[in-house]
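Q: Start from the sequences and build out the full structure, keeping to the hints where you can.
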Amino acid sequence: MHVGIDLGTTNTVLAYARRNRYGIVEPSVVKIMQLDEYNNSIQEELLPSVLFYDFHGNIFIGRKAKYMKYYHPDRTVYNSKRYMGTSATFEFGDKKFTPVDVAAYILNVCKRTIDVYYSGTPLEQVTITVPASFNTDQIRDTRNAALKAGFEEDKIRIIPEPTAAFISFVNDQFEVLGSDRRIDLSTPRRVLVFDLGGGTCDIVVMEVLQKDRIIKIEELAVGRYSELGGADFDRYAASYLLGKFLASQKIDWEEIEKSERSRMANKLMAFCEKAKESFSGQMMYNLSGMKNNLIYTAEIPEFWRGKPQHFSITLEEYDESTSSLYYLPDRPIRTMEDYEKCKNIVTPIYETLRMYDIEKDSIDYILLTGGMSLYYKIKQRLKELFPHGEVISIHDPMEAVAKGAAIFSFYEVEIKSRRKEAHKKSLNPLMAPHQDIHDSDVEIITKTVLAESILIDVEEGLPREIISKNQAVPCKGYIKDAFRVTSPSGVKIDIYAGESPYDSKMRMQKSHIGRFTSPVNVGTPLDIEYEIDENKYLKLRVIIQDLHNTTIELDVESLDVEPNVEKSSYQHDVR
Amino acid sequence: MQKAETDGVALQSRDSKRSAEVKEASKRRSINHRFEIKRVVKDVDNFGKFFFELDVLTIAGTYQCIIQKQKSNFIKNFVIERTSYKDKIAREERDLIFKYLDHDNFGFRLIANEGPRNVEKTRYLQDAFAVCYAALYFVEMDDNKRDVNSIHDDIKAGYLSLIGRSYIYASNDINRVIFRYREGFDLSEDLCSIAASHRDEIKALYQMIYDELERRGAFSSDKEDGVTDRQEKPKIENDTLPQSGQGPKKYEEVLQKKLEDYKLMLEFFESQVEELKEYNSILQKEVENLLQERCMLPERTLVKLFNDLNSEQFGYLLDRIYLYAKGLEPITPDAVRGIFTNILAVLTLHNFHAFLAEDEYKKAIMVKKEELGAEYRCNTALIDGRDAYQAEVIYPEWRYGNKLIATKFVRLK
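In the order they appear, the protein sequences are chains A and B.
With the working numbering applied, the first sequence covers -14 to 560.
With the working numbering applied, the second sequence covers 8 to 420.
If you are wondering where the hints come from, they were derived from the structure by calculation, not from laboratory data.
Don't take each hint at face value.
25 Å max Cα-Cα, derived SDA-like pairs, lysine to any residue [said to hold, decoys possible]:
hint, chain 1, residue 1, chain 2, residue 2
1, B, Lys210, B, Lys292
2, B, Lys311, A, His295
3, B, Lys370, A, Thr282
4, B, Lys292, A, Asp100
5, A, Lys292, B, Phe347
6, B, Lys292, A, Val101
7, B, Lys311, A, Tyr56
8, B, Lys93, A, Asp157
9, A, Lys133, A, Val14
10, A, Lys201, A, Thr172
11, A, Lys16, A, Lys292
12, A, Lys201, B, Arg101
13, B, Lys410, B, Pro305
14, A, Lys328, A, Glu305
15, B, Lys415, A, Met269
16, B, Lys210, B, Gly224
17, A, Lys328, A, Ile377
18, B, Lys292, A, Leu108
19, A, Lys196, A, Ile348
20, A, Lys96, A, Tyr56
21, B, Lys78, A, Val101
22, B, Lys93, A, Tyr56
23, A, Lys54, B, Lys370
24, B, Lys93, A, Phe159
25, B, Lys284, A, Thr282
26, A, Lys54, B, Gly224
27, B, Lys410, B, Asn358
28, B, Lys45, A, Asn5
29, B, Lys49, A, Tyr270
Label-pair ranges, simulated between beta-carbon atoms [claimed, not checked]:
hint, chain 1, residue 1, chain 2, residue 2, range
30, A, Arg167, B, Arg206, 35 to 41 Å
31, B, Lys375, A, Pro372, 48 to 54 Å
32, A, Ile199, B, Arg46, 28 to 34 Å
33, B, Leu297, A, Gln365, 32 to 38 Å
34, A, Glu519, B, Lys78, 43 to 49 Å
35, B, Glu319, A, His41, 22 to 28 Å
36, A, Ile199, B, Asp268, 39 to 45 Å
37, A, Glu240, B, Pro337, 30 to 36 Å
38, A, Ser297, B, Gly392, 51 to 57 Å
The C-beta atom is built at its ideal place from N, Cα and C for all residues, glycine as well.
A: Okay, here's the thing in structure tokens:
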């Protein structure tokens, strides 16, 4: 069985791929077993990526947990994917959950579903998707979560979400006659995958070529981790409505209690999310003749001082209030605060192209995926940005990633192993064609690069780059005399991800402590050996040039850094 | 006695080995693609003509591949791009045809071996030769209005006279080809025209295979010269029997061989029946799942609508309506407005949209009698014979997605 899992920030989707009766590789979404609000057992395509820890020590994942978030936000974990790769913890009394634990519980629900539905069918491979911008620590945590969930180590594969979405799209295209194909891969093509989800924006530029039945997908550039998504659009629109409401009621925002503010803001954001959903639906049904008249109206219960409030927003107002998210800021960004205030969809695209020296006009296709990409204006804006490229929307952005991952599992395991067998059986495959390989089969060769440089710091000085950002993986290397020992008892090594040592957006990933088995002279040279596998799983070894100590494996032990997660960060605040 | 038992074991072992080989072979083939094509491909008017065209294009493509030293992948595109059925073949059907070309057709090995010379098995060349012979028959056919039976007999007799009747598979080979095209013999003009458009390639490949078969001494001495000699009636059923003067032992051997062939064919068809049963049960399961899904769909949709209407975000509408309806809670105009607004909001999210511009409400309009019911709903049935009515618009038009589900409502004056 070939499985794909889109381990999403908001929802998780499970899919498997099989060959249908016509011999075509066909992915299907598997309905995941979970409990609903009232403890009925249900099977749904989406598993909300939410964990609820009840008062009896039971753990719930999925729809029930999402429902309980409203009543017990302090016993619920959501958006935990944002904290992968960090040492953050979520504490409920004496119970602690790390982001890895939460991911492991979610993956375990998927595994149990597979075990129940398809018991007896051996699991060949599970491909889990992660944002392309995930760094090595985040990927390691995802892999560890899969191991904790009970998947076998050698059957876990991790690929970027945009690549998975692209594979799903290409697989669909294979089933279409040449003249109906929306993408022509007969010559090398540059494809920019723009994945705009609920909370993150992921960008990958890839060069794709189809030669016979082999598709080569080579990542040329990977955008940096960017917290920009549908929630930002709703927040901007909510901010506009809130301003209007405060002005009409002559209320001073500062005089309202913080908890009340947060509650009002959240309700308005939920209202705006529904408004966006309604506009998207109507635009999709091509009611564009009524574009100027589109309006969403609802009463928000207990909005202000326990009383309901009537709100309306037109499509024009929604677009106007979110317009800054579609354009570059009119002032330069100097600080992280500026960056947060001036979020937009153009900057991450331009930044990615600039970092990798890619000409905008060299992009042939722009593939839109992610829930927010369904909004009509996103496509419109990208068409403006790329007048020479063709903008294509994936028709099932919620499922495409999981399906693509399942297809990847299928090709990776089935085709490659069969080709190897066929090759072993005959040195000249033309003379003895292997009947198990269907000629409609596709071999997918992926080549990926690191999204950010990996930097290391042992002296609290300027971090030193050990692996550059566009390094193709898998790879390994050895750095002689990388650092010198500063303490006789051990060494503390901080690992960072960023564009360069001077990068203002550089993030510290993990802090590792390696203890020497016997004291080492200060100043003793340290060598570093690194290895990154095809899943971008990083192993670091520090080799001490000392007779008594040999190596320290840095992928084994880590020291917790101060958690940078606060409960309040779960709450959306629009002001 | 002991020996007989040993022989019996040996025989059994040989039989079971043979049977395993057949099963393996049929598994490799995995499916009768012609049967599948007939079952799946919908827009083909005549499968005899269709398979004839595929084979002619395969001959032409194979010849070009050999001459231009192309790889075998070329042939599939060559065939699919040139077939007159190109626009009628759906995407999933195309792959099935590719499989047919790969598994049931003859081009691949000729191309892989860069021509007939390097093909190891003569049996394979003989098979391909039967196809080329049938194609050449239609190239050279002068009177294209012959009846089906005479075409059948002509091809068979001509082929057997050429290849020699003592070759035991000759009859099978040509029968198989004829069976494939027979449905199209009614359209012999079309077949001639298909063959004529690739005349040179057919002749050239035919000649290549012919020369090679001759070099290998594959034509029996009893063959007669010329493809054009098609008038001889075939000796059906007896064509593989030994000529007079040969002993009964030889006769038994031939019968034994024939029996084995039939056994093989029987096993092959039995395995196909099993496979079709397997497909059938898969299809049955899929149908069951879809039916189950379909049964669950209204429930899921309604429960979702209920949950939205009764959600916290929209103010527990159904709970409140219940209280108001039961008189447990006094209702206020503000509460009514809020409830109605949110019911409409929920309906909007479920793709129900109402359309009535503010200036349209209570607007006086003239409605023709034929427009009532078709363009407008109205409050009363027509009782007089007027052609047009004074009316005012009072209720909106409703759409589900972009499907009109209720027209505007007018009140007649």
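Q: Any hints from earlier that this structure breaks? Give me their numbers in increasing order, please.
A: 1, 11, 20, 21, 22, 23, 25, 26, 29, 34 and 38
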